[in-house]
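Go ahead and model the full structure; you've got the sequences and the hints to work with.
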Amino acid sequence: MWVWFSKLGSPKWFYELSGKWLPWLIAAMVIFMTIGLVWGLVFLPPDYQQGFTSRILIVHVAVAGTSLAFFPLMLVAGIITLVWRMKLADMVAKHAAILGAWFSFITLATGSLWGSVMWGTWWEWTDSRLVSMLFQLFLLLGVISLRSALEDSETAAKACALLSIVGCINVVIIKYSVEWWNTLHQVASPVSLDPSSPNGPQFWIATLIMIVAVYLFLSVSLILSTRNEILERERRSQWVQDLVLKN
Amino acid sequence: MSSAAPTTSSNSDTDNIMLAARELFCARDDRVLFQNLNFDLAQGQVLQVQGSNGSGKTTLMRILCGLNDSYEGSIKWFGQEIEDQAASFFSSLLYIGHRVGVSKVLTPVENLRWSCSLKQAVSDEQIMVALREVGLRGFEESPCYTLSAGQQQRVSLARLIISPASLWVLDEPFTTLDTKGVAMLEKIMQRQAQAGGAVMVTTHHSLSIPQLTILSLG
Amino acid sequence: MAEKQTTTSAAFIATLKRDLLIAFKKKNDIVNPFMFFIIVVSLFPIGISPESDRLTEIAAGVIWISVLLASMLSMDNLYRSDYEDGSLEQLLLSPHPLFFLVLAKNISHWLVSGLPVVLVSPILAYMLALPTEAYGTLVLSLLLGTPIMSLVGSIAVALTVGLGSRGLILAVITLPMSVPVLIFGTLAVQSTLNSQSPVGYLSLMLVMLSVSVSLAPLASAAALKISVN
Numbered sequence: 000m001w002v003w004f005s006k007l008g009s010p011k012w013f014y015e016l017s018g019k020w021l022p023w024l025i026a027a028m029v030i031f032m033t034i035g036l037v038w039g040l041v042f043l044p045p046d047y048q049q050g051f052t053s054r055i056l057i058v059h060v061a062v063a064g065t066s067l068a069f070f071p072l073m074l075v076a077g078i079i080t081l082v083w084r085m086k087l088a089d090m091v092a093k094h095a096a097i098l099g100a101w102f103s104f105i106t107l108a109t110g111s112l113w114g115s116v117m118w119g120t121w122w123e124w125t126d127s128r129l130v131s132m133l134f135q136l137f138l139l140l141g142v143i144s145l146r147s148a149l150e151d152s153e154t155a156a157k158a159c160a161l162l163s164i165v166g167c168i169n170v171v172i173i174k175y176s177v178e179w180w181n182t183l184h185q186v187a188s189p190v191s192l193d194p195s196s197p198n199g200p201q202f203w204i205a206t207l208i209m210i211v212a213v214y215l216f217l218s219v220s221l222i223l224s225t226r227n228e229i230l231e232r233e234r235r236s237q238w239v240q241d242l243v244l245k246n
Numbered sequence: 000m001s002s003a004a005p006t007t008s009s010n011s012d013t014d015n016i017m018l019a020a021r022e023l024f025c026a027r028d029d030r031v032l033f034q035n036l037n038f039d040l041a042q043g044q045v046l047q048v049q050g051s052n053g054s055g056k057t058t059l060m061r062i063l064c065g066l067n068d069s070y071e072g073s074i075k076w077f078g079q080e081i082e083d084q085a086a087s088f089f090s091s092l093l094y095i096g097h098r099v100g101v102s103k104v105l106t107p108v109e110n111l112r113w114s115c116s117l118k119q120a121v122s123d124e125q126i127m128v129a130l131r132e133v134g135l136r137g138f139e140e141s142p143c144y145t146l147s148a149g150q151q152q153r154v155s156l157a158r159l160i161i162s163p164a165s166l167w168v169l170d171e172p173f174t175t176l177d178t179k180g181v182a183m184l185e186k187i188m189q190r191q192a193q194a195g196g197a198v199m200v201t202t203h204h205s206l207s208i209p210q211l212t213i214l215s216l217g
Numbered sequence: 000m001a002e003k004q005t006t007t008s009a010a011f012i013a014t015l016k017r018d019l020l021i022a023f024k025k026k027n028d029i030v031n032p033f034m035f036f037i038i039v040v041s042l043f044p045i046g047i048s049p050e051s052d053r054l055t056e057i058a059a060g061v062i063w064i065s066v067l068l069a070s071m072l073s074m075d076n077l078y079r080s081d082y083e084d085g086s087l088e089q090l091l092l093s094p095h096p097l098f099f100l101v102l103a104k105n106i107s108h109w110l111v112s113g114l115p116v117v118l119v120s121p122i123l124a125y126m127l128a129l130p131t132e133a134y135g136t137l138v139l140s141l142l143l144g145t146p147i148m149s150l151v152g153s154i155a156v157a158l159t160v161g162l163g164s165r166g167l168i169l170a171v172i173t174l175p176m177s178v179p180v181l182i183f184g185t186l187a188v189q190s191t192l193n194s195q196s197p198v199g200y201l202s203l204m205l206v207m208l209s210v211s212v213s214l215a216p217l218a219s220a221a222a223l224k225i226s227v228n
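First to last, the sequence lines map onto chains V, F and D. The first sequence begins at 0 in numbering that gives the first Met the number 0 and counts up by one. The second sequence begins at 0 in numbering that gives the first Met the number 0 and counts up by one. The third sequence begins at 0 in numbering that gives the first Met the number 0 and counts up by one.
Hints are all accurate, no fakes.
Listed next, the in silico DSSO-like pairs over lysine-lysine satisfying Cα-Cα at most 30 Å (straight line):
(1) V/K86 to V/K19
(2) D/K16 to F/K103
(3) V/K86 to D/K224
(4) D/K24 to F/K103
(5) F/K103 to D/K26
(6) D/K25 to F/K103
(7) F/K103 to D/K224
(8) F/K103 to F/K179
(9) D/K224 to F/K75
(10) F/K75 to V/K86
For the record, the hints were derived by calculation from the structure and aren't laboratory data.
In structure tokens:
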């Protein structure tokens, strides 16, 4: 177990292994994404009530579901960085923060696009999911700006790891407190506030496929950016120079 | 890249060895500061760390104190890992770095009252005696921002006199001192070595202390 | 030479005393956040409306947000001068658990920056036409909430203490974290205004305070070690 674990921590080992996995992951992603999109956007009967918007909803729900994975991911990476000082964990954490910010942003964008049709407004404070997603985005931007502010890469790694752990705890507290706050402030709730309103099993299967596709997309982009980061940080090591010479 | 030959202490009785560093390796942002660095620090020894600018003297000192943990290798305190006996190690350690640890708004007495009581109980009388010994008679109650850099350095050096710590780690303690101050500090260090303590010091001065050993970096 | 080692409580008290003494000598650090708080609160009626009905509605939120901003502003010098003059290294090298020393610094910081703001809040609440029956809840909620913000903010301050020019990074990191405190603080006041019992919210804040007291100093201590490295 330990040998495997420390081997996994070696950037070179990760680079080689991920290189083998990457084509398969990309293929799976393309397949799922195509099925999900085609089914969701073309074949799925437009919801009688929501019309075209249910199609935005498929993307929105899939991206939003994936966005929730980032802080737990960064929590785990942060603990590994602080306890075992594995450099790889920090490289993953660095790009997880950036990707997480993009995912949160897309969640907000698609959510407000959907809201603009459904609620007649681009922004609705009474939707606690949007509000807590907004604060998740702020927290992620905080982690990103902390990393860019710290010059020493090792200090930056540890500091961001700690901030991610604190941030993850915080995101959970924020989520529940915002929900609470919301139930008390819902004076006039807009129609169909809940995206899980009647949509039929077909909709949910399409959404599920889309969620898998987005998770695959997340893994692929995370692996790709981590591989770049590895080459960047290990550029002085022998194996990277051999690799460059070979190509 | 640098490596230092193992330095053997004058009296090689292993019971006397306070601090033993083995195979120390430290790299900062791809640049190796030192590797395969071995040395012992025994009771009654003054170890002067020498090296050019950027050779990792300060980093080494901070590693030994536990302020910096980005290194590989082992550092043992009386034959045991430092983590296993952190409280006893930290009560025996006195560190004075580039930043001397003297708050400018407080007076020397107030500064010492706090920084000494982090380690041991201290009376105002002890503080007064120590301040006089480092040549700050008459400045005991003036705020430190009115003192010169050398005088502030002396405030921090007063801790050496008060403290019973057996291991001193002093990073460039001579830089701001005048000739008299240098002589005084040498005398204090010598006294510490005679009393069975140990001193680790970085400086470019050539010290006139009989118990001196030199460790070269870079 | 007396070689008696200090107890942790003695080191705790020495640190508390020292920080209070420094604050007392550098009065600007106490006065400025306090003045900032009063000024920000006074700007709201000018920017929004002088009508007491509308002010009543926003009073709790305005006071709470101004407290947030003021406490964040004052956080900045919690560790910075200690970092710059090397006192922080001495603190880290103490044989005593860093948890208690950091807690001592946090308590002294709250005493000089949080408490004055809490004490003056009824006057500002009066100026914002908050009904008198809510004063007690407001002060209580601030009394519970400001230490939470000091403790949690301390982590972010510790993480950024090594930065030469910090700018607004502290705000970017800490402000989102204060959302729960803000929610429960304002809800407590609001429920008093609706003649409901605020005890539920206040006890939730008490829970949050006890969790922060027991965990945040650990995180701050770890953050300080990282920054000083």
